[in-house]
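Which chain is which? The protein sequence lines are A and B, in order. Taken in order, the first sequence gives residues 1 to 384; the numbers are from our numbering. Taken in order, the second sequence gives residues 1 to 123; the numbers are from our numbering.
Simulated from the structure, these hints should not be mistaken for lab results. Just so you know, even glycine gets a beta-carbon here, dropped at the ideal spot from N, CA and C. Among the hints, erroneous ones may be present.
Claimed, not checked - Lysine-lysine pairs mimicking DSS-like chemistry, simulated, CA-CA at most 27 Å apart:
no.	chain 1	residue 1	chain 2	residue 2
1	A	Lys195	A	Lys98
2	A	Lys272	A	Lys190
3	B	Lys117	A	Lys29
4	A	Lys319	A	Lys277
5	B	Lys117	A	Lys366
6	A	Lys277	A	Lys98
Claimed, not checked - Here are some chain A residues the structure puts well away from chain B; computed CB gaps all over 12 Å:
no.	residue
7	Trp25
8	Ala28
9	Ala85
10	Asp157
11	Asp245
12	Phe335
13	Gln340
14	Val373
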Amino acid sequence: MSEFPVSEEDGVEEIETLTLPLDAWHRAKGGRMVEFAGYYMPVQYEGIMAEHLWTRESAGLFDVSHMGQVYISSEEGVTPALEAAVEAALPIDLATLKNGAPRYSLLLDENGGILDDLMVTRWATGFYLVVNGATKWDDIGTLRELLPDDVTLNHLDESALLALQGPKAFAALERHVEGEIPLSDLRFMKGAAYKLGGVDAWISRSGYTGEDGFEIAIPGESAAHVADLLCGEPEVKPIGLGARDSLRLEAGLPLYGHDLSPETSVIDADLKFAVNKRRRTEGGFPGADRVLNDFAEGTARRRIGLVLEGRMAAREGAKVLLGDQEVGVVTSGGFSPSLQNPIVMAYVDTALTAEGTALTIEMRGKKLDATVVPMPFVPHRYYR
Amino acid sequence: MTRYFSEDHEWIEVEGDLGTVGITDYAQGQLGDITFVDLPAEGSTVGKGDSVSVVDSVKAASDVYTPVSGTIAEVNAALADQPELVNTEAETGGWLFRVTLSDAAELGALMDETAYKAFVDSL
Numbered sequence: 001m002s003e004f005p006v007s008e009e010d011g012v013e014e015i016e017t018l019t020l021p022l023d024a025w026h027r028a029k030g031g032r033m034v035e036f037a038g039y040y041m042p043v044q045y046e047g048i049m050a051e052h053l054w055t056r057e058s059a060g061l062f063d064v065s066h067m068g069q070v071y072i073s074s075e076e077g078v079t080p081a082l083e084a085a086v087e088a089a090l091p092i093d094l095a096t097l098k099n100g101a102p103r104y105s106l107l108l109d110e111n112g113g114i115l116d117d118l119m120v121t122r123w124a125t126g127f128y129l130v131v132n133g134a135t136k137w138d139d140i141g142t143l144r145e146l147l148p149d150d151v152t153l154n155h156l157d158e159s160a161l162l163a164l165q166g167p168k169a170f171a172a173l174e175r176h177v178e179g180e181i182p183l184s185d186l187r188f189m190k191g192a193a194y195k196l197g198g199v200d201a202w203i204s205r206s207g208y209t210g211e212d213g214f215e216i217a218i219p220g221e222s223a224a225h226v227a228d229l230l231c232g233e234p235e236v237k238p239i240g241l242g243a244r245d246s247l248r249l250e251a252g253l254p255l256y257g258h259d260l261s262p263e264t265s266v267i268d269a270d271l272k273f274a275v276n277k278r279r280r281t282e283g284g285f286p287g288a289d290r291v292l293n294d295f296a297e298g299t300a301r302r303r304i305g306l307v308l309e310g311r312m313a314a315r316e317g318a319k320v321l322l323g324d325q326e327v328g329v330v331t332s333g334g335f336s337p338s339l340q341n342p343i344v345m346a347y348v349d350t351a352l353t354a355e356g357t358a359l360t361i362e363m364r365g366k367k368l369d370a371t372v373v374p375m376p377f378v379p380h381r382y383y384r
Numbered sequence: 001m002t003r004y005f006s007e008d009h010e011w012i013e014v015e016g017d018l019g020t021v022g023i024t025d026y027a028q029g030q031l032g033d034i035t036f037v038d039l040p041a042e043g044s045t046v047g048k049g050d051s052v053s054v055v056d057s058v059k060a061a062s063d064v065y066t067p068v069s070g071t072i073a074e075v076n077a078a079l080a081d082q083p084e085l086v087n088t089e090a091e092t093g094g095w096l097f098r099v100t101l102s103d104a105a106e107l108g109a110l111m112d113e114t115a116y117k118a119f120v121d122s123l
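Assemble the whole structure, with the sequences as input and the hints as a guide.
The following block contains the structure:
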């Protein structure tokens, strides 16, 4: 699969829903499959609440193979020219990026709007990127335009990606890995190559749930073998994307297409850390003028977390009010299984972002009382 | 007592001119964990097909439509503390509201249990 298959009927582009390497595996395990980012993906198995809580107390295996894995390299390996090319495309400081350590970065448009968020890892031979599934085709196009012709961009579309997340992820995974670096030496945001059940795997201690855990890139044809191996451990159950979303919301992590978009700036989104210090002064990446100006001047609104009174959830698009005045909008919302009350991420006027600020959210004609709280809503438990 | 079903996956059990309404077991299974139920105001007048209640699950909110016109006679107060009753007892203790029918003839447009089962199997 190197091109996105499209059939045209009656002049309307119909995009075929694709299957990923674990499709049959999910169905056999009772996963409820839905269309997501152009693929059939499991939204849940036994139920979002149970899967969410299982991940928080044990370990959940998520299939995130819909995400885009991209490899940027040059014939000469990692040269200053290749680093310069990557730095011209992303606001990252590669001088501070150690081998094997993934780092969060952003793909920005020329106005500083966010096209995607992504992870960049320096490998000995090039740069490995993981981008969002729904945006990967656009991302690949954007990156190809930004990178010079002598830089190669490979879409690793034969590779599957699993995320094993939760406090018992380490115990379950350690039984099956062999590598030059003991798994216990992998701290949060560090990765290395391993044999996992005899399969070549790139494993990093990362994820998007707020829990300790690992992301595991493996050949697609070995995905079912690895998934069986991990789910054969008593700590591990397969978990659907529904719980992945509620976990990342509790962790205060923004989701592209909801909390991040081309209309969102780095400062709005509270993602200053994604623009490395040197780049904040030097610029030289897409949208740098806008981003540097925002760093100096601030912006009118900012992404915050709110906890709601009562049990009625507010959803994306709900208005945030101060009295009768509209002061913001909800970008992600739902019922928090860990906290047992509704939480939202919202963008509100910068003046109203202080912890404890009382606001109102309008949902289906009802006014819900809400209070600004620091994020994450549930403390991160990364292994640092 | 007779039980009817709508294509929107509500059930209504009618005794005299009083109907008890809930969502079907099939519907609760599709929605997943119910976390909140927004119930109509007692005494309010509703028209067949109106959205009168909302069930919130972890991920999404879904409208519940009244299968008949009438007046809301009672709501299930137990759901305030135990919205999960809609999951565990969808067609019994997890009922949502009672409505005093204004036009019993509307029941004729609904399905009986056999027809509803066939309808669900066709989805």
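- [ ] Could you work out which earlier hints the structure fails to respect and list their numbers in ascending sequence?
- [x] Structure breaks hints 4, 5, 11, 12, 13.
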